[in-house]
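Construct the entire structure; sequences and hints are all you get.
Note that the protein sequences, when read in sequence, are chains A and B. Heads up: the first sequence begins at 1 in the numbering used here, then just goes up one per residue. Heads up: the second sequence begins at 1001 in the numbering used here, then just goes up one per residue.
Calculated from the structure, these hints are not laboratory results. Fair warning: this is a prediction, and the values are worked out from it, not measured in the lab. Note that CB positions come from ideal geometry on N, CA and C, so glycine has one too.
To list a few chain B residues with every Cβ distance to chain A over 12 Å, as calculated:
hint : residue
1    : G1066
2    : A1104
3    : W1112
4    : Q1117
5    : P1123
6    : T1126
7    : G1138
8    : R1139
9    : F1150
Derived DSS-like pairs (lysine-lysine); straight-line CA-CA distance at most 30 Å:
hint : chain 1 : residue 1 : chain 2 : residue 2
10   : B       : K1119     : B       : K1149
11   : A       : K133      : A       : K53
12   : B       : K1119     : A       : K53
13   : A       : K53       : B       : K1149
14   : B       : K1146     : A       : K53
For reference, the chains in residue letters:
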Amino acid sequence: MPTDLDIWLHIIYGFLHDISVAVYLGGAVAMEFVLGPAQGSIPPAQAQVMGQKTADRFLWLVWGSLSLIIITGLLRLEHMNMLSWTEWPFFKTPGGLSADYGQTLLVMILLWCVLIINGALITFYFRPRLQGKVSSRTSAAQLTAVQQSKMDAATWVQRITRIDLVVVLFVALCGASLKWGGLL
Amino acid sequence: MDTLLGALHAIAWATYVGGAITMEWVLRYAQQTMPGSQVGIVCKNAGMRYRWLALACLIVIGITGGLLLLRLDASGLPGRDLSLSDSYGRTMLLLVITWAGGLATVLSMAFWLHPAQRKRSLPEMTAEQVAAERQRVGRAIARMDKALKFELVLAVFSIGLGASLGAGGLI
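Below you can see the structure in the form of structure tokens.
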């Protein structure tokens, strides 16, 4: 059992970082290939409620894990003396852009930004459109337009979720490659 | 080759552990809002898919982990040793044991705990037999619940063990 606080910090940062990536990646896979198809086994009205409940809950996991990924990632880099908060350009060798390691890190951070943008689009733009309620005074034409808008939003949420899945798989590949000096 | 094996190993672990957490945190929550009859259908469908996904992940973890271990040389273990006299070796052994525990749990879910939840009801059954059958299924569901929680704890603990390897091991 390690006795040095420094080693414990290294283990704790690593554990939190790995578990956050696992929650994001494994959660996306489970939502796409386990819970999504399971929804199809119950009547559509109930499936819609289930989809809403699972998505609400999963979004908490998504935002929690995305936050922990960047916080623990930066803390790990600082702990390994690859990052300084005070000295420009912040990243030190081999985290600098001159090395494969640094270029791979940069790609991972950029892809994390893509995941954040996609997450924000789903949470703040498409999900509210999916949840929009129709009042009893809505005309038939308005109802058709609302339904079409909901279907478009659902299609976009599905597309973005699949893009996220591909992105996070590539991020995992980049992360695993860091042990051998980077991918790029 | 090492990068590819490492990536496959990491992705399989992430899918397995993240899937287990999502099933517990997301599906269990959604179940509470569903009618009882539909909970059974969704659990059966999702449970079956999850078990095969988990089994596939654990097999990939075993194969890639074994290959990575075989390819490990002194340069990959600076100042470390795979023997039981070193923390790295002991942690690696414990990781293999937790992997085996996870595999045994998923296999028991697939081939024993899940089939045991099927209710047998025949027209010639007496009221006592129906009640006994209901109790048996209830016990099978409780066992499955315990197995899922045990699997989740084991999976999260494995990530902790894996993370500690970079710092030389945990025990």
